[in-house]
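Asks: Now that you have both chains on their own, put them together as the hints suggest.
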Amino acid sequence: MSGTPLLELRGVDKSFGPVQVLHDVAFSVHPGEVTALVGDNGAGKSTLVKCISGIHGTDAGEYFFEGQPVTINGPRDAAALGIEVVYQDLALCDNLDIVQNMFLGRERRSGLVLDEPAMEEEAARTLASLSVKTISSLRQHVSSLSGGQRQTVAITKAVLWNSRLVILDEPTAALGLAQTAQVLELVRRLADNGLAVVLISHNMNDVFAVSDRIATLYLGQMVAQVRTTDVTHAQVVELITSGRSGRLGTATETGNGYLSTRVAGAAE
Amino acid sequence: MRAGPSQEEIRRQNLGALLRHVHVHGATSRATLTTELGLNRSTIGALTTDLVNAGLVSEETPRETRRAGRPSLVVRPESARVYAWAFSIEVDRLRIARIGLGGVVLDRRTVERPRGLLAEETAPLLAGELKRMQQEVRPGMICIGAGIAVCGMVRRDDGMVRLGPHTGWVDEPIADALAAELGTGTTPTVGNVADVCAFAEYTRGAAAGCNNVIYLYGDVGVGAGIIAGGRRLTGHGGYGGEVGHMVVNRDGVRCACGSRGCWESEIGEYALLRAAGRPEAHGREAVLAVFDAADRGDARAQAAVRQIGDWLGFGVGNLVNIFNPEMVIFGGTMRDLYLAAAAQIRSRLNSIGLSACLEHVRLRTPKLGDDAALIGAAELAFERLLADPLDAA
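Residue numbers (the numbering used here), protein chains in the order written: chain A, 1396 to 1663; chain B, 859 to 1251.
Just chain B, same shape as in the assembly (with noise of 0.2 Å):
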């Protein structure tokens, strides 16, 4: 049998809560987090001076406090020196960032991706301007590890990227394919896009303190992220959350995983152009140009808009049915879609959700906005700072 916890576990615990702590919720002074941690003085004393050894950490006296007693040092992330790389592989784009502890984005890059590249055509890619990127990093940083982002269905052992419908990926050993590229011995860790997106917002964003919550990231296809309870929810392998392939219409059309009537194929990018009448665009710049015509008053583009949003109504109203969340948040091109036909979402929501599900549901757009993927991702490599600060670092 095994018995408590060593002194050794106990220490790392302790520095990964003070760790994240700070890097969750900024600089904040040692007093406050004697009691938002409910440590002992002297043990956060010794706990940031470890941190401070290991760079991860700074300490500075406040400027004013205006209050009575000699002003508690401010234990502050050290964001400029540790940091993350976040890759976000999207369908129309690729997107690298390096990303400060604290989720200050320190650096950023949009590379075109054709639509259809594989894996090992992509990692070169996003390699040569990682390049670029690296050089301009001064000596003396840390350099924790490294998060991806990818739309497709992603196996949580060991990253492979098992289906990507849209980006036409089927079994695509991502994560090994950059880990050689980076060259820091660690491989990247690797999330569904909208998985990825609720973590950052759940973090630091729009869900802070909801911990029940549905992230719907749309472009081509329609993922969500789930958060219950706290957790996040990716089931078995990794791979829950396709909310996209919830079939919703018999009749509907045939959807790039083989089956009919998903929902993305009722809200999704070719959904909407084919409705707007556009079926030969794609893309963003499409999908919002459907948006601006009809705010000027297309009528073919309002007719558009309006089936769609209640087609994503219909959907929302039963994901609110099933996890009874407290907010669910319209990322990626969701987000303009929901202000562009809320009437419509909410109608239909309303119309079909129960009444006691709907009662405290909260629908919002992101604050992070487009960097979620990229903080979300960089928030995967943290979390093994954060489990473990000294022996990471």
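With the rest of the complex left out, here is chain A (with noise of 0.2 Å):
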């Protein structure tokens, strides 16, 4: 099941000025797995998944893709490898309907005019394939749905394009019980179709319903990185609030990170 990650990053560090934002930070991510990112608020998980999107460029570092070294200049070269990231925002248009929000920049044309059905057949496929039956129409406009919908055409619209790797932040924040439940489903089901997933969740629940590892950032260290079958509850909150939990965790006295991790990850 392991075999070589999908996206491996090794000793990654990141300082705004003078403020270290990231310290000699180890993640990876397998294909077909849902690896959850989880920390408190300013542990660094946005800026982690802003150096992997390539929005941030990183002061230190390796970067791997297939086990082949990389290197990222900016957001394109990301997308190139297949990587997409669903903010929060969502950063959908209110005012264009689901498939032209689907399409918006890289419109199928046929000739001089853009080829709708082609568009809209493949909109409609890429919905089937991830079982999604909570959309009646393709041709609604955006500023009509609800808040589960428009979060299943933003995760939709990412994986539309032959992506490898999709980073989803907070992906159920807004939401209501039974679309959170739709909304993890669909998590799930992108992984078992044989994506990498990154879920970025405050929300323990969401991390144990549908994660398949758990990776902990606490001040910017990656204190660990455990299988879900391995760790309970109690024992991720300690990482997040503490960085460390019994045998897990690394100790911030050896500043240490990346060998915690292989220690965690040793147990597979």
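If you are wondering where the hints come from, they were derived from the structure by calculation, not from laboratory data. Among the hints, a few may not be true.
Listed next, the stretches of chain A that the computed footprint assigns to chain B, with coverage defined by at least 3 CB atoms under 8 Å from CB atoms of chain B [claimed, not checked]:
(1) 1589-1603
(2) 1614-1626
A short list of chain B residues far from chain A (calculated; beta carbon distances all over 10 Å) [unchecked claim]:
(3) S887
(4) R888
(5) V969
(6) L1221
(7) E1241
Computed spacing ranges between beta-carbons, pair by pair [unchecked claim]:
(8) B:G1119 x A:Y1482: 23 to 33 Å
(9) B:R996 x A:Y1482: 41 to 51 Å
(10) B:D1246 x A:G1500: 52 to 62 Å
(11) A:G1477 x B:H1218: 35 to 45 Å
(12) A:Y1482 x B:G974: 24 to 34 Å
(13) A:L1499 x B:P982: 48 to 58 Å
(14) B:A1214 x A:P1512: 48 to 58 Å
No experiment lies behind these values; they were computed from the predicted model shown. Every residue, glycine too, gets a C-beta built ideally from N, C-alpha and C.
Replies: Structure (structure tokens):
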């Protein structure tokens, strides 16, 4: 099941001026798995995601994709590798319909005009492959959709582009119970279809419901990356709040996030 | 001594295999069928012709293949034409659906069911709705039988419902009661709802490709459909999988089955509503209301969800240790419970499960959702067709 990680970061450092946000971070993501990225506010989750997606450059560290070292100089490089990020604000256009949103900026053409039927067909196929049943018409304006449906559209949009790795930033944060359930099932299905998924969440239930691995950031250090079958709720909360839990987690004293990750991974 | 299978038996076997393939995987080209089934090209041609003549499949030229050579004909199940009736008898509702070959829901209805209705009272209710649905079936359609999913213990030999503690059924001959109403001549096949859901998810849902699966179905009671080594595990008489009556708490409350401390009296509907301080409420809506209240921050509801989740984790841990499944699917209201209390369930499971058994277990919610019971019930009826396509049709 493990094999080569799709994405692997080693020893990533990142500072904003005098503030060092990421210290020697190691992070790996496997295809077909949901990796939950957890940590308290300010632990560096968003910064790490921005480094992965090329928005921020890194100060030090290595970036491997499918085992090959790559250099990411901007969001385009990351997108070319098949990395898509769905941010909390979703970045959908309210005045456009679902198909237009999905193909925004990457419209299909046939000759001089847009190839609407082809786009609609592909959007429908992608939604069907994820067993999405909550959307009745693809020509609905996004403004008429509920929060859960918008999240679904945003996630499906990310999948449409032969993506390999989808990063979801708090996809259930603003949703009600039924919609949260649907989005969680969708997240699981993405991974079951073979994609690598990174899920950022503060909700331990969501993390335990869908993730295969849990990576914990604590004050800019990756303190543990463990399999979800090996930990309990209390241990993860402890890791988030204090950076260690029993044999798990690193010690800030040694300041060695990378080593401890390997120790935690050795249990596999 | 018996000689090898006759020509006729081999042909029947192959027809069944071909029909099963398109039934499960949908439209498939003849070329793919040749490789998948390991049969000769001309054999596939002959078998397809037989099935086309029987009206079970159709053939057409694919629109575009983008490959060199003459495109291979695509064999498609006649989903709109060949159908089975599927009934699902649940604690609070009755559902009827007409399901086409290939697992397509063609039509469906739901009827409220007052709790405690017996089989002879339930059958006319179902029959009345069935009559209305039958009027909409166009002529020329082929009905191949019916299947029934019941919340209760079902005798495999004749579909007698031996005990449904929450439906109040004891020795109810639902299959015979409905056979008279259907008027097709064949007796419907009856299965326990959890078994039937497990079968549906295994055939065409979340567990496709997994040979060791546990499907937990919960409403008032809890049952499991167990697939071990690719076979349904139903026990000697068909009553296996009653995991809801696994005793987990010696000091627990009395269960509807007469015992004390059964798993379902710790995780079922009544347990949740009692823990949430709403003992008068009942039904699926009431259960969902507790999850919703917990989500909105109601402390009592949150505590109830955590407590029930913890108990659910206990039982799942035991099941995982005993059966070493690849997948555990949470169906019925267990789906909502799983999504609302995954942290507690996982934590408990991880602390009591043996690490070797936990290694590859995946916890999932159903892909077919609530339709699983109906699709699975139809699947029971389709089994007869797939065993002998030309005779049954």
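Asks: Identify every previously stated hint that the structure contradicts and give their numbers, smallest first.
Replies: The structure conflicts with hints 6, 8, 11, 12, although it agrees with all the remaining ones.
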